[in-house]
Structure formats: structure tokens, C-alpha cells
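A.B. asks: The chain contents come next:
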Amino acid sequence: MHIDQHLDVIHACRFCFMCRHLDPVANVSFREADTPRGRALIADRIHMDAANLQNTDFVETLYRSALSAANRFHCVSHYDETGLALAARRDIVEAGFAPDRVKALAKTLEKATFTVKGRGKLLYFGNRPELYPGAAVITGGDPGKALEVLGFAAASKKVLAKFKKAVAASACKKLVVAEPSAYDFLRDRLDGVTVVHCAEQLLASPVKAGRSRKAVYLESDFLKNYDGNPTAPRELLKKAGYTLLPFGTNDEESYAVGEGAVVFDALNPDLCEKLCGRVYALAADAGKALFVTASQTVKDALTRYNPSFNVVTLEEAILA
Amino acid sequence: MTPKNYLYEMVRSELTWAVGDEHVQTNEADKLGHSIDYYWVPECWHDRGNKPTPPDFVVHPGSAQEVAEVLKIANTHNIPVIPWGGGSGSQGGALPIYGGIVLDMKRMNKVLEIDPVSMTVTVEVGINTQHLEWQVEKAGYSTMHFPASIACATLGGFIAHRGTGVLSTKYGKIEDMIMSLEVVTPTGEIINTLPVPRHASGPALTELYLGSEGTLGVVTKATMKIHPIPESRKFHAFLFKTMHDAMAAGSKIMTSRLRPCVIRLYDETETAKLVKRVLGIDRKGAYLVFGFDGPEKIVDLELEEACKICRGQDTEDLGTEAGQTWWDHRYKFFYPPFMFHLPQAFGTLDTVATFSNIEKVYWAMKNVVEKNFPQATFIGHFSHWYDWGCMLYARFIIDEPPKDANEAIALYNRIWDMAIRAAIKEGGVINEHHGVGLKLGRIMRDLYGPAFKVLEAVKKTLDPNNIMNPGKMGFPGKGV
Chain A
548 MHIDQHLDVI
558 HACRFCFMCR
568 HLDPVANVSF
578 READTPRGRA
588 LIADRIHMDA
598 ANLQNTDFVE
608 TLYRSALSAA
618 NRFHCVSHYD
628 ETGLALAARR
638 DIVEAGFAPD
648 RVKALAKTLE
658 KATFTVKGRG
668 KLLYFGNRPE
678 LYPGAAVITG
688 GDPGKALEVL
698 GFAAASKKVL
708 AKFKKAVAAS
718 ACKKLVVAEP
728 SAYDFLRDRL
738 DGVTVVHCAE
748 QLLASPVKAG
758 RSRKAVYLES
768 DFLKNYDGNP
778 TAPRELLKKA
788 GYTLLPFGTN
798 DEESYAVGEG
808 AVVFDALNPD
818 LCEKLCGRVY
828 ALAADAGKAL
838 FVTASQTVKD
848 ALTRYNPSFN
858 VVTLEEAILA
Chain B
128 MTPKNYLYEM
138 VRSELTWAVG
148 DEHVQTNEAD
158 KLGHSIDYYW
168 VPECWHDRGN
178 KPTPPDFVVH
188 PGSAQEVAEV
198 LKIANTHNIP
208 VIPWGGGSGS
218 QGGALPIYGG
228 IVLDMKRMNK
238 VLEIDPVSMT
248 VTVEVGINTQ
258 HLEWQVEKAG
268 YSTMHFPASI
278 ACATLGGFIA
288 HRGTGVLSTK
298 YGKIEDMIMS
308 LEVVTPTGEI
318 INTLPVPRHA
328 SGPALTELYL
338 GSEGTLGVVT
348 KATMKIHPIP
358 ESRKFHAFLF
368 KTMHDAMAAG
378 SKIMTSRLRP
388 CVIRLYDETE
398 TAKLVKRVLG
408 IDRKGAYLVF
418 GFDGPEKIVD
428 LELEEACKIC
438 RGQDTEDLGT
448 EAGQTWWDHR
458 YKFFYPPFMF
468 HLPQAFGTLD
478 TVATFSNIEK
488 VYWAMKNVVE
498 KNFPQATFIG
508 HFSHWYDWGC
518 MLYARFIIDE
528 PPKDANEAIA
538 LYNRIWDMAI
548 RAAIKEGGVI
558 NEHHGVGLKL
568 GRIMRDLYGP
578 AFKVLEAVKK
588 TLDPNNIMNP
598 GKMGFPGKGV
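Protein sequence lines, in the order shown, are assigned to chains A and B. At position 62 of the first sequence (counting the first as 1) the number is 609 in my numbering, and the numbers step up by one without a gap. At position 301 of the second sequence (counting the first as 1) the number is 428 in my numbering, and the numbers step up by one without a gap.
To be clear, the hints were calculated from the coordinates, so they are not data collected in a lab. Among the hints, a few may not be true.
Said to hold, decoys possible - Partial pick of chain B residues on the chain A-facing surface, computed with a CB cut under 10 Å:
id: 1; residue: Gln152
id: 2; residue: Glu155
id: 3; residue: Asp157
id: 4; residue: Lys158
id: 5; residue: Asp174
id: 6; residue: Trp211
id: 7; residue: Lys265
id: 8; residue: Ser269
id: 9; residue: Ala275
id: 10; residue: Cys279
id: 11; residue: Met466
id: 12; residue: His468
id: 13; residue: Leu469
Here a beta-carbon is modelled for each residue, glycine too, at the ideal position from N, C-alpha and C.
All chains, full assembly: derive it from the sequences and hints.
C.D. replies: Structure follows, in C-alpha cells:
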């Protein structure tokens, strides 16, 4: 089983309570099973007896995780509990016990195809090509990250292969990626192509300082907790004239409403709504400030459950 | 009670009516999470492939009224109710050993009021204490409650077993921090204790519930003290030749009536093992660290006075940096892999005694463990210092306990039986801040003597059907 490669995490996390306060799902569901300890205990039970892969309560719990890496980031020893959850999902899928809604979602994601328009050295993958004049643009959906987090590793590789083929056909040597999940997925997987996040690219370009404005930057789970917490998004916003306001009560929790699980809202809309509710409740402290997220997925979720919530993507904030 | 029994469905129907469908869990994932707390015994039981007893229902009440309804249902059907906060207690106090209803309090997590005039916060006690601290800090204050389990436990958990934090020497244990409580009695009445902790209006009812470990009712709300963020907090560390010398210095700091926020003294073994491993301070001797906080001028003055006391002995002055390092890494001791972990057997034999007795307690415990259990390592440090004495945080570790779970637990219990009774004989008590729980209930009669009948009478009067956390703190169980 794939979880066998994470025995150190199972043994460290199954009886450890030190990061439970940072699990976004547990903080709204209040369930022990939704904490890293709860999931590690389940993984341990599966490790002891693979028949537990058929336990629908265990399986559902593993698919409820928001896969926030805030827990790992702030763990003194950085035990990779999200890696364990991902491995458990792979085991579930490969044993044929994925829930029907997960299978249905995977089937849709497998159909992704990619098209490149235009030519040039730079290839852009996102929703705001107007920010990158002269760049070729690749479109077509999730490049395989969503399938990977659902546990469909083989299908993920096939979609990635389609993406790679399209990139290769473009002959571009640099890929600018807007969505943090896609950036996290692609940044080490494209041979001969430099992958950068859109914030890095824009920061290196001339950015007009707009009028002085206040904004709350909702930290991206991927950028902050998975990808080394680059300063580019915040620097970019400041350069564009935004004064960044603090949000929430601390800088450890993730308020990224399930970004780490990529298709969290499609999978667990009730939980996603609760995660959004937490952001709305805390947003009252920020007055009328604009909310900025690096993720279109996060923006979509936040506006789905409160259409009047004032949130834009990082690129939209630069265009505004 | 099993789902195949129709009574199970009758009870579930009543519970869901009381708190809502969404807030009653009966699935295996939740039951697994609630069948194991931070107590070594259920951890070992699980580790060896056994299944610890799960609850029948996990209920998340949203108000004191809902708690009251649940307790009335439990009384009707004579079902155990086990309050659960963060589940990070080390004494098995939150384990559903007879099944029944685990009352998970985490949904009751709201800060209700911060009173900046009286410097208090009123809060639902299911709140995670790190979340509470963050909210209080955002308002410009601090609870000054910084236990190693701050990120794990709820305020209710600390109230239940008289918990404490790193800065207890100045700011007190939880029982010193609490002003008043709202409690749901076992029969479902919602009561409030007096609004202030100092009065001459009869016995202190708040005290009855502090440390009652969910056996006398369910605490739902608390008002506790908050403090200004100190202008300065400084630390200093010394290395003493022996633990005895360091103890003399520490007790002199306290009996001189200086007011450190923290003192911690590690014995020679723990200095060589844990202080070296976690802090990277590689020295032979006994490591003593202390800190002061408040207005900087006062901090500097008190710190200097404390340093003078230490420098009067044969010590190595490790300076402020070695003290600050300890503070910065104070929680690291409790993270894996720095914390002891299965398959090791380990336990914290914490106790407290006067300065006259504390070293006798230390040596009694150490001797009894090392003499009778040569496979065990004994280490200890002294934390939570008072005007009159201090707490001993002793631990035993067995790297290779028996593989059979029953044998391992029998060995584990025997160490506790002997070590704690040795401590009591020298003037110690069962525990200082982790509580009694399932682990040490059997020793309560020895500790209290005839006075335990008073506690039993209180329990019988308040909880006539014995639904509240049966089998804990030495109170009767429900039968198996």
C-alpha cells in the first residue's frame, strides 16, 4: 500500500494533538476524525488491516480533508500528514473503493484536453492573458493536479502527458501559471520549461502603481504552506498601490477554503460553505477592504456562498 | 448498546431531537477518534492491534440548554456521559470506557465578552486554548495561559483537571485564573457560581467543579482573568553541579518573594538527555532557567536579584541566550519525535510538594522506579513553582516494554502504583496538573483517607444515577 511509505507520519501523528488547531475542516466540523490525528489513526487501522479500505466511514473522512499544509508547515518536525492522506486516497482508489461522487468527478477531469493559441517564448496558463501581451496561451482545465489529489495517479499522469504535449508543441521555454494548485503541480514536472507563478512574472514586469487602496490578501495554501511562502504576491500588491491589512487572529491558520484539496467545493460543498462562513465572519473586522486571493478556485467558492463578497484574484487586483 | 438494538435508535432519536441530526455522530471514524485520548494505555492497546472501547454516540452540543437536554436523556436511560474537550488529557479522563455518550464540547467555542475594565474574558469552554489566546491577543491582552498543550486542549479540559501553563509561577494555574463558571448539573439544571472568586459568602462552589473531571457536571461557560501584554519578558539560565544545589537556588528565589513568571529545573539525567537533544545545550549538571515579565525596569531588577542568588553558588552562567532558547523552544519537547512514543512505555509521574519535601519525593520516586524496574529510565524536572514548594514533572521511559498489550499495561500500572504511593508517603500528592482520570483513580482513597467519603457523598448527591464520567477519579464505574 502507498501508506506504507508514510509509516513515520502514521506513527508520529496518530497520537499527536499539536496541530489540531490548524485543521480548517476540524475547526468547522469539530469532529475528532477530521483532525490530522484522526486521519492518522484511520491510516493506522488501514495499515493494520487492508480490509479497512472498504470502511465507508473511513473513506469518507479521508475525502473530507481540505489537505491544508498549514499543519505540516507549523509542525516542528514537518510531518507530512497531507502526503499520508494523499497516499491513503491512492490506496482507496486502487482498491476500487472510491466513493461514487469521487469516481464521477474523476471521469470528468480525465476528459481534459489542452489547446495552445499564439506563439512566442512565453506561455501563459490562466484566465487573464491580457496581462501578458505577446504570450501564447494554453487553455483546457486542470493539468492533472485534481486527479492526483483525488487519488487517481495513473489518470493524473495521462492528463499531465496531454498538457506536456501541448506545451512542447508551443516551443515555449517559460510557462506562467496563475492557479496555485497548477503551479504547485507543474513547477517540477516540465523538462526544459521554466515554470513561474504569475506573481513572480508580474513583479518582474513594469506594474503601474494604482491609487492607494486597502486590501486583505488571503494567503494561498499552496503558495504559503506547500511552496515555500514566496513573497511575490504580497510585494506585487504593494507595488500596485495596495496597503495590506492583517486578517483573522493569527498567521498560522489557512483561510483558503479548501484550496489544498483543489476540487474541495465540488466534493464537499457543505464543508466548503462552512469554511467560507468562517472567512465571512472574520471579514467583518476588515471593513470594506477588498479581498484578494491568488486562486480562482478560492474566489469562486467565496462568491458562490456569498455573491456580494468583495473578492478578486491577484491578477484582477493588478488590472483594477 | 449496539445499532442492532432498537433502544439504540430510540436514544439516537432523542439525542438528534435535542441537538440536531448534524451534531450526533455514530460513524466508525468518529468513534475511533474518541476511543483514544493522550493516555498511554489506549494508545498501547491500539498500537498492538486491539480496539479500545468506543462511545455509542458522539454528541456536539451548541448551548448549555442542549447539554442539559442530553443529560436528562442520559438519566432517563441510565447511560454514561463523558465530556470531551480536545482529547489531549494524559490520564484517560475522557475515555468512554463503558461506551455511552461522548459529549464533545468543541462546538461551544465562542468568546462572549472581553471586559477591559475588570480585565476578564467570558467564553464558552469548548474553545481551543490557542484560539482563545489569539482572540484575546487581538484585543490587546493575553490569558497568560501557555501550556504545552495550548494548541491541543480546550479551556474546559484545563478546568476539568486543574491544568496549568508555563507561566503559572506568576499567573497561576487555571484555578487561579478562573473567576466563575456556568455548569450543567448531572440532572440537567444550569447553574452559575458566584461572579467573583474571593468572598465570604459560603464555600467556594467554583472550586468544587475545578478538577472534577466531568464527574460532577458539565462546565459550559467560564469567566477568566486576562492580562496586559507585558512590556518585557527576559530569561536567564544557569548550570548547577547538582540538582540539589539548583533546587536550593530556585527555592530561595521563591522564598525571597521575587516573582518570576517561570522557573524550570532539569535534573542531571534530563539535562543530559532532553535539554541536549531539544535545545542543543550539551552540558553535565542541572539546567535551571527562569524568566520575569512586566515593566522592563522591574524585570531587570528582579532578574538581577535572581541571578545574584544563583551566582552565589558554584554555577556556570549560561546567560540570557540559553534562557531565551529554552523559551523559544518550550513546546518542541512535546512534538514528535522529541516526545516519547510507542512502542516505548512512558508516563509523567507528576506531583507537587513543599520545598521541605520535594527532594525527598523526587528521590523516593526515583529509587522505587530504578530499584524495581531496572529496564526503566527515570528523568525529571521541576516546573510550576510556588511560594511554598514546586511541582515535580518526573517521567519513566521503557524502550522495550512487553509486546503483549496486557503484560505491558500491567507493568505500566505497577510502576504508577509504586511510584505515586512512594510520593504520597513523602508528602506528595497523586498529581499536580494532569488530573486523576482512569489512570490514578484507584489511588484516590489512599491519598484522601477518610476524606474521600466526603467526595463520594458529593458525587452521589449530585449524580444519583452515576451517569457522569463513571469509573474516573476513583468514583464507581458502571460495571462491564
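A.B. asks: Does each hint hold? Answer for all of them.
C.D. replies: Verification of the supplied hints:
1. Gln152: Since the shortest Cβ distance to chain A is 7 Å, the answer is holds.
2. Glu155: holds, 4 Å
3. Asp157: holds, 5 Å
4. Lys158: holds, 9 Å
5. Asp174: With a minimum Cβ separation of about 8 Å from chain A (threshold 10 Å), the hint on aspartate 174(B) holds.
6. Trp211: With Cβ-Cβ at 8 Å, under 10 Å, it holds.
7. Lys265: holds, 5 Å
8. Ser269: Since chain A brings no Cβ nearer than about 13 Å to serine 269(B), farther than 10 Å, the hint is violated.
9. Ala275: With a closest approach of 9 Å, the alanine 275(B) hint holds.
10. Cys279: Holds, because the Cβ-Cβ distance from cysteine 279(B) to chain A comes to roughly 3 Å (cut-off 10 Å).
11. Met466: holds, 8 Å
12. His468: holds, 7 Å
13. Leu469: Since the shortest Cβ distance to chain A is 7 Å, the answer is holds.
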